Amino acid sequence: MIRLIDVSRRHGDHLAVDRVSLHVAAGEVLVLVGGSGSGKTTTCKMINRLIEPSSGRIIVAGQDIATLPAHGLRRRIGYVFQRLGLFPHMSVAQNIGVTPRLLGWSETRVKDRVRELLALVELDPELAESRPDALSGGQAQRVAVARALAAEPPVLLMDEPFGALDPLTRERLQQAFDRIRRALRLTVVLVTHDMGEAMMLGDRIAVIHAGRLLQVGTAKQLHDAPVEATVEELFAAPRRQASLVAAMLDRETP
Amino acid sequence: MNDLVARLPEMLAAHIGLSLAALAMGVVVAVPLGILVTRIPRLEGPVVGAASILQTIPSLALLAFMVPALAALGLNSIGVLPALLGLFLYSLLPVLRNTVTGLSGLDPAVLEAARGVGMTPRESLFQVELPLAMPVLIAGIRTAATWTVGTATLATPVGALSLGSYIFGGLQTRNYDAVLVGCVASAALALVLDGLIRSISAGLVRRSRRLTMLGVTGLLGLAAIGATPALHALLTREEAPITIGAKTFSESYILAHVLAGQVTRATGRKARTLESLGSMVIFDALERGDIDAYVDYSGTLWSMVLARGEPRPDRATLLAEVERGLVAHGVQIVAALGFENTYVLAMRREHAERLSVRRVSEMAAHASTLRFGCDVELLQRPEWPVLTATYGLRFADLRSMDPSLMYDAIQADQVDVIAALSTDGRIASFDLVALEDDRGAIPPYDAVILVGERLRREQPDAVEALRNLAGRIDTATMQELNRRVDQDGQSPPTVAASLLNRSP
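Just so you know, the protein sequences line up as chains A and B, in that order. When the count follows the numbering used here, it moves up by one through the first sequence with no breaks and lands on 254 for the last residue. When the count follows the numbering used here, it moves up by one through the second sequence with no breaks and lands on 1504 for the last residue.
Hints were generated in silico from the structure; no laboratory data involved. Everything numeric in this text was worked out from a predicted model, so none of it was measured. Every residue gets a Cβ at the ideal spot worked out from N, C-alpha and C, and that includes glycine. Honestly, I wouldn't trust all of these hints.
[Unchecked claim] So the derived list for chain A, only partly shown, Cβ under 8 Å to chain B, looks like this: (1) Leu50; (2) Ser54; (3) His71; (4) Arg83; (5) Gly85; (6) Phe87; (7) Val98; (8) Thr99; (9) Arg147.
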């Protein structure tokens, strides 16, 4: 569904993304993990041309995206931004309906779709006329997902979508996301630096470091046969943390 | 006071029309310009810089500069057009700056989201950026609105009717009621306009259709009031009234009403006055047909219009040469009123007696210890260097000020010598001595009625009526008329009417 072929992105002398090739199958969730500045967000944004590649090709649904008008491409790809970017002057319903309206859907069709999406992301329909600034962090996040899915895109890009949420809300949203993507059979590229999240949500994981793709595979494959120390450490970190927590709790029991 | 209030609707309508039109033009130009420079960042510096420079030009100078600028382009340089252009330029900066600030201060996450959901640049601009920048943008329009309404009072000297006519006329004739009416009306208008725009803004932000409609309806109402004079003129198609010009001092106001009254009495046709025009503006206005007649002085015409220098011929030759020179401008002198209004150097009587000074040459010996006060024009005029050179005048201090303040200044011993005008009633009533110009340095300034081409062609009977004013006003009479306005607080129309009521 999505194919990156030797894609690079250069900022002056610095290669933010260095000859990355990837394939995401239809209905698959691929998680891009890596540290800050590793190039994972840049890679994600190149898929809907928010950032243009310096070289290489990207194919989405069989078409080289460089040959399509950028805004047309973006209307067919949902995007959930790290900082959400809900439009503060529009109501929740208007935010969700924005891409369908750009595509010229009829008002009744947009209205029906908004109602459907509020239900899908488990939001109270009463919130439809609220402004984004009246929403809690979790509600705003659900609106952002609903907006990304509004025009029924086959592909969804998510840039650290749950990063800013408290742990409980994050977990609820992660579960909701897992349910939705299976129900809609979405092809998803999700960017995160949280290995736990990557393992829970991803069918496969791609580890990016200093602009280069180190390894792609299922969590188990990466864990069992890491090609580099960086990959090994990434997988070790959550387990080390978990055992530390367990040890502390043990000490405190009388 | 009733006099004043009677003209208020006319002045207010003109003022509203002028300010709203200038503001609308400013918004229509500055908003797209602001959008453009946020799309092409290298334009921002030059464009905003140019608008800032325009803003630093003193508003009176900017408006006055429009007159020669338009004349050089062969456009109508007197009246509404220069005022409108000046105000328009003045309104650009606040709107432009706030458009740029509003658009460039937006959250980058929201802008990226606009692209991300598939908006084209145009869709992003109209659906996201402009709505979000709207409050800041409207704040800029409010600033421009208050500035424009206030500055529009300065449209009077370039010949556009506005509330400034009250202020300029009132200051010259010491009619502070008039000044007050002008200021209060313009301040009130500024507040109303600001309130209406604020109501639209609040309505948009709070999504209150009622507030928005209130603001819009109010604005449309104002626009309708502002458009009335133009519509009225268009619909009635009445014969354009005869227009008499006046410069910015009492004598000129009085004489304008004398001329207007004389025409109306003799022909039964309406004549109106256009007041507070600048010295050069008024002649251009006559030449272009924006006014039909006014009173000027032979010496002024010699130097300012014919641009002739020194030495000057005697009175009769000078007048004859001026008359000949004006033909090329299509302007004719139809009558000399019978008095001369020239600069005289005057001192307090006790001061002059103490120094035993009766002539300018005697005063010149003391000049280095004396402070000199004059109107704002004299120091720029060609006769000033002639006067100082002839007598070797070197004053301790030179101050130019408003003529009406000059007399207070000499009375209060803040200046010692003033350049008074010979017809000023205050020379006598302030007990000043006019020093004799014993070396004949000050040229003759006979008051003459100038008439433009259109009036001579279309209304010869009106010209004939003006001709009949020849010799009707001698120096003593003019001094008396001036005194009644400057000191007794009578209005120029009243004083003019009383003169015309006397049998010739």
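Here's how the hints hold up against the structure:
no.	hint	in the structure
1	Leu50	holds (6 Å)
2	Ser54	violated (19 Å)
3	His71	holds (5 Å)
4	Arg83	holds (4 Å)
5	Gly85	holds (3 Å)
6	Phe87	holds (6 Å)
7	Val98	holds (5 Å)
8	Thr99	holds (5 Å)
9	Arg147	holds (7 Å)
Checked against the numbered hints above, the structure violates only hint 2.
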